[in-house]
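Both chains come to you apart, so use the hints to assemble them.
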Amino acid sequence: EAGVVQSPRYKIIEKKQPVAFWCNPISGHNTLYWYLQNLGQGPELLIRYENEEAVDDSQLPKDRFSAERLKGVDSTLKIQPAELGDSAVYLCASSRDRTDTQYFGPGTRLTVL
Amino acid sequence: KQEVTQIPAALSVPEGENLVLNCSFTDSAIYNLQWFRQDPGKGLTSLLLIQSSQREQTSGRLNASLDKSSGRSTLYIAASQPGDSATYLCAVEGGQGGSEKLVFGKGMKLTVNP
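Chains as they are written, first to last, in this note's numbering: chain P, 7 to 119; chain Z, 5 to 118.
The shape of chain Z in the complex, shown without the other chains (with noise of 0.2 angstroms):
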């Protein structure tokens, strides 16, 4: 069964620091990984999509990156702005047996103060 990680949980920043975070998956046998945006009682957006021939995908100040050999996806958010601030989750399609749904990490928060 297909388990994605996100650590931590929470992180809190200053404006303007460039930021890394982490996603972990247990099965590499992905179709495509995604990162999304979750602001407080709406939706997710989605930000990237990674396929899982590709290493690296980019949009604006983001930019993702996938491992698939070794399960792990980061995202990387150039000079942070308090707008960054909401909650961040990956998310990964495919595994053993070809699941065809996507299977989500619980989130970080991300908080950037001004």
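Chain P with its partners taken away, still in its complex shape (with noise of 0.2 angstroms):
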């Protein structure tokens, strides 16, 4: 079976630019999550999705970053525009429905200059 699948795995942008990570969940698992981990920290949940529905997206600073999860599987994580402090490494989860195990991409490394 194969994992949770991110790209790129490595970006360096401009301040000011925008860049998008793409998501592709393990099949069959329904729900979705967004997380960004600052280094020598935990992930932290930026969204949640249950199929193509957002339900809980508390956490995502909605004035630059986006979401969304066309059809209910692939994701795409956009930050317009990316600022300094952005630079982290973001990683994408799912699994079949909330109850059940997470699992794990191996997350997207920013750095923004």
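It should be emphasised that the hints constitute simulated quantities derived from the structure, not laboratory data. Predicted, not measured: the structure shown is a model, and the values here were computed from it. Honestly, I wouldn't trust all of these hints.
Claimed, not checked - Below, in silico cross-link-like pairs of lysine-lysine (DSSO-like), each with a Cα-Cα straight-line distance of 27 angstroms or less: (1) Lys68/P - Lys5/Z; (2) Lys110/Z - Lys84/P; (3) Lys68/P - Lys110/Z; (4) Lys17/P - Lys113/Z; (5) Lys5/Z - Lys105/Z; (6) Lys72/Z - Lys110/Z; (7) Lys113/Z - Lys46/Z; (8) Lys113/Z - Lys5/Z.
Right, here's the structure in full:
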């Protein structure tokens, strides 16, 4: 069974530029999560999807961050414009449903210069 | 607001030692607690999940216990091996208000020396 796929693995951009991350969850997993992990910290939830519906986006900075999960499968997370403080690892995870174990992708390491 | 603490932040031990990793949380009204492993440059792998009604879970050389009333969990690693070197994170779901998201600790970086 293929795991959670994320791309790109690494991204370096200059501040004020836009950036997008892509996630393909495990087949059949209805719940999808985006997390932010700063260096030396645990992941923090940005948004959770149940199928194509965002059911918890309270931690997503909506002035610059947006996310979508069209057709309830793949998802993209976008930042526009990026700031220096956005440098971090962005993790995607999926699970069969909200109560099931979450499986994490390898993450996208973003560096904003 | 739920807070999860893991102390120490790092641990270095010789191969073969039995280890105890500690995790504490401030709000005992949790649904479950999980232990994850994270290798450098990789995502997290779930090791053990303990439901709030359970006291412990075991998988191979790993044993995790949960004491909800005191807000503590321990992860026991028997006969540690160099391959156990990684960062171990504790996470809880739930708390006052019925939060449905995982709250993570900062993790503990374990190094097992051959």
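For each hint, the structure was consulted:
no. : hint               : in the structure
1   : Lys68/P - Lys5/Z   : holds, 22 angstroms
2   : Lys110/Z - Lys84/P : holds, 25 angstroms
3   : Lys68/P - Lys110/Z : holds, 25 angstroms
4   : Lys17/P - Lys113/Z : holds, 25 angstroms
5   : Lys5/Z - Lys105/Z  : holds, 12 angstroms
6   : Lys72/Z - Lys110/Z : holds, 20 angstroms
7   : Lys113/Z - Lys46/Z : holds, 14 angstroms
8   : Lys113/Z - Lys5/Z  : holds, 25 angstroms
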